[in-house]
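Given chain F's structure and the hints, the job is docking chain L onto it.
Keeping their order, the protein sequence lines are chains F and L.
Note that our numbering gives residue 103 to position 103 of the first sequence, counting from 1, and the numbers run on in steps of one.
Note that our numbering gives residue 216 to position 216 of the second sequence, counting from 1, and the numbers run on in steps of one.
Warning: the hint list may mix true and false statements.
Reference listing, derived: stretches of chain F covered by chain L, where coverage requires no fewer than 3 residues with Cβ under 8 Å from a Cβ of chain L [what the hints assert, rightly or not]:
no., region
1, 56-63
2, 80-91
3, 95-106
Think of the hints as simulated: they come from the structure by calculation, not from any bench.
Where a beta carbon is used, it is the ideal one built from N, C-alpha and C, also for glycine.
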Amino acid sequence: MHGLSKSFESGVWPRRRTRVDVLRGIDLSVAAGEIVGVLGANGAGKTTLLHAIAGLLRPDSGSITYNGQPMEASAARALVGLCSSADRSFYYRLTLRGNLEFFGRLYGLQGARLTRRISELLDLTDLREYENRLYSRCSTGTRQRLGLARALLHDPKVVLLDEPTRAVDPLHALALRAFVQSQLARTARKVILLATNSLEEAWAVCDRIVLLSGGRCIASDTPGGLERSFSKSVRYRIQLERPDGALAQQLRMVGTVQSSPHVPEISIELGTEEHAFHAMLQILATSGTRVQALIPDGTAATDVFAAAVGQ
Amino acid sequence: MNKVFGFIQRDIRLALSYPSSILMPFASIVFTVGGFSILARIVSPHATFESGRHLDYFTYVVVNLTFMVVINAAVQVVSAAIRRDQTCGTLEPIVATPTSLLEIVIASAAWPMIFAALQACVYLACGLLFGIRLGNVNPALLAEFLLLGTACSAAVGAIAAAFVIAFKQPAPLTIVIGSAATLLTGVLFPVSLLPAPLQVVSWLLPLTHALRGLRAAMTGAAFGSTAPDALWLAGATLLLFPIALLALHLAIVRAKTDGSLSTY
Numbered sequence: 001m002h003g004l005s006k007s008f009e010s011g012v013w014p015r016r017r018t019r020v021d022v023l024r025g026i027d028l029s030v031a032a033g034e035i036v037g038v039l040g041a042n043g044a045g046k047t048t049l050l051h052a053i054a055g056l057l058r059p060d061s062g063s064i065t066y067n068g069q070p071m072e073a074s075a076a077r078a079l080v081g082l083c084s085s086a087d088r089s090f091y092y093r094l095t096l097r098g099n100l101e102f103f104g105r106l107y108g109l110q111g112a113r114l115t116r117r118i119s120e121l122l123d124l125t126d127l128r129e130y131e132n133r134l135y136s137r138c139s140t141g142t143r144q145r146l147g148l149a150r151a152l153l154h155d156p157k158v159v160l161l162d163e164p165t166r167a168v169d170p171l172h173a174l175a176l177r178a179f180v181q182s183q184l185a186r187t188a189r190k191v192i193l194l195a196t197n198s199l200e201e202a203w204a205v206c207d208r209i210v211l212l213s214g215g216r217c218i219a220s221d222t223p224g225g226l227e228r229s230f231s232k233s234v235r236y237r238i239q240l241e242r243p244d245g246a247l248a249q250q251l252r253m254v255g256t257v258q259s260s261p262h263v264p265e266i267s268i269e270l271g272t273e274e275h276a277f278h279a280m281l282q283i284l285a286t287s288g289t290r291v292q293a294l295i296p297d298g299t300a301a302t303d304v305f306a307a308a309v310g311q
Numbered sequence: 001m002n003k004v005f006g007f008i009q010r011d012i013r014l015a016l017s018y019p020s021s022i023l024m025p026f027a028s029i030v031f032t033v034g035g036f037s038i039l040a041r042i043v044s045p046h047a048t049f050e051s052g053r054h055l056d057y058f059t060y061v062v063v064n065l066t067f068m069v070v071i072n073a074a075v076q077v078v079s080a081a082i083r084r085d086q087t088c089g090t091l092e093p094i095v096a097t098p099t100s101l102l103e104i105v106i107a108s109a110a111w112p113m114i115f116a117a118l119q120a121c122v123y124l125a126c127g128l129l130f131g132i133r134l135g136n137v138n139p140a141l142l143a144e145f146l147l148l149g150t151a152c153s154a155a156v157g158a159i160a161a162a163f164v165i166a167f168k169q170p171a172p173l174t175i176v177i178g179s180a181a182t183l184l185t186g187v188l189f190p191v192s193l194l195p196a197p198l199q200v201v202s203w204l205l206p207l208t209h210a211l212r213g214l215r216a217a218m219t220g221a222a223f224g225s226t227a228p229d230a231l232w233l234a235g236a237t238l239l240l241f242p243i244a245l246l247a248l249h250l251a252i253v254r255a256k257t258d259g260s261l262s263t264y
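In isolation and in its complexed conformation, chain F is listed as follows:
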């Protein structure tokens, strides 16, 4: 998309109405198989951006193209699958399967193909046991998973996820993230935009993160790149097979280390320079200690977000 702008009128009475710029000249391109996270404070324009791409909103200016072709609203509807965060977008008196059947038909599916596709998606979103339950009787998290199933009904090329795990329990959230990464992005090579308020989710899932503030795109980089740009340090958690005081001692040469003789985990804060990270890897590789996991610490993401959006 190029130069995408959108403003809304606020206020009820004509003389008191003011225009609020929600998006100001957003430029963004996403490759097939790439997951781009859209982050920003409340009201930063995340949902507006997704709705404009889905053809539900008319931008004031700017263009959206797919494979170089202008994406008019009608074309967008066939290409795009939008998983909305609103749970008030299904029929409360229909079952989950009934809801999917209705929307599936609107996406042009019918007969055995429709039945098969619904069954696949019910399995993928782990909703099989609830398929004949009324939507009104489902939890918010279940409803949200149904939203993802609907977004994927027509196997869209572009998948827009608006806070897809907001109300989903941690286990299902993990499964959903894994599905987005492995199936949608890596295997099916879909273009994925993920608007989220969960920094942990963005850091864990996204290849690239776009930060919106005041309707503008203030940064677009990999999670690591953003940390280098906006944070003075990066934190990692190193999970070990057993506590290792010698390793902790060695790591103190490259960063600030927190460890306990009884806990098989070391927390390290590194400078954002690339050589610090490589030095840490070198020590881990030569120490002879079995490292079970190297996990970027979520507090780094918070630092980045605060530094970037607070600018």
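Positioned in the frame of chain F, the structure of chain L alone reads:
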């Protein structure tokens, strides 16, 4: 057709989830027709309610009520369906699918029109049970006026739906048409009994012409005798349909511009 079937399937399932919404209208028909069969006894059996053709009062009212159900439904159903989808929050995901505006309008009206046709059948069946007297029905004329009356009313209904999308409120025009129909269109008594200014208003309403043609068809009239009403309905339909489609298009553009598709 698949999309239309999808809407019909959805509407039947929603209706079945409220069984009384299906049963009550039919029960109401039995009481209404029964009531008018008693009321008709106090009206002279020799009174004429249609110029040129003798029609007793009970038959006159039942035939009018039968077709008013169908034709008034054409005015109301699309805007009612869109209003429901607005309040349910389902209008936005429907518009997000590759379904054209015209498909949404036609498909939204499909089940309510089928239901209205079923109600009309029950009206006629009850009428026959309670003793209405029909002459030689002219089926071709009946089909002509059902088609013209429904098409013309549907155009008004589509304009009303555009109003709902744009302003999130039922159109005042359809409220007036709906509530004034029985008074102004000759459903309960001939239009000729109305004061002259109201007769002009009556002439402006599609239902007046449709009912006149349908009464004629039910009493075996020939095509020529109903030509003015048929021409009125055809002309109004041709005029209103493009306006309705334009209004719907502009309403959707407005809703997409101010981001109000999902608000109500």
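Hints, one by one, checked against the model:
Coverage of the region 56-63 of chain F by chain L holds [criterion: at least 3 residues with CB-CB distance below 8 Å; count 3]. A count of 8 residues in the region 80-91 of chain F with a Cβ less than 8 Å from any Cβ of chain L is obtained; the coverage claim is therefore met, three being the minimum. Chain L is given as covering the region 95-106 of chain F, and this holds because 7 residues of the stretch bring a CB closer than 8 Å to a CB of that chain, at least three being needed.
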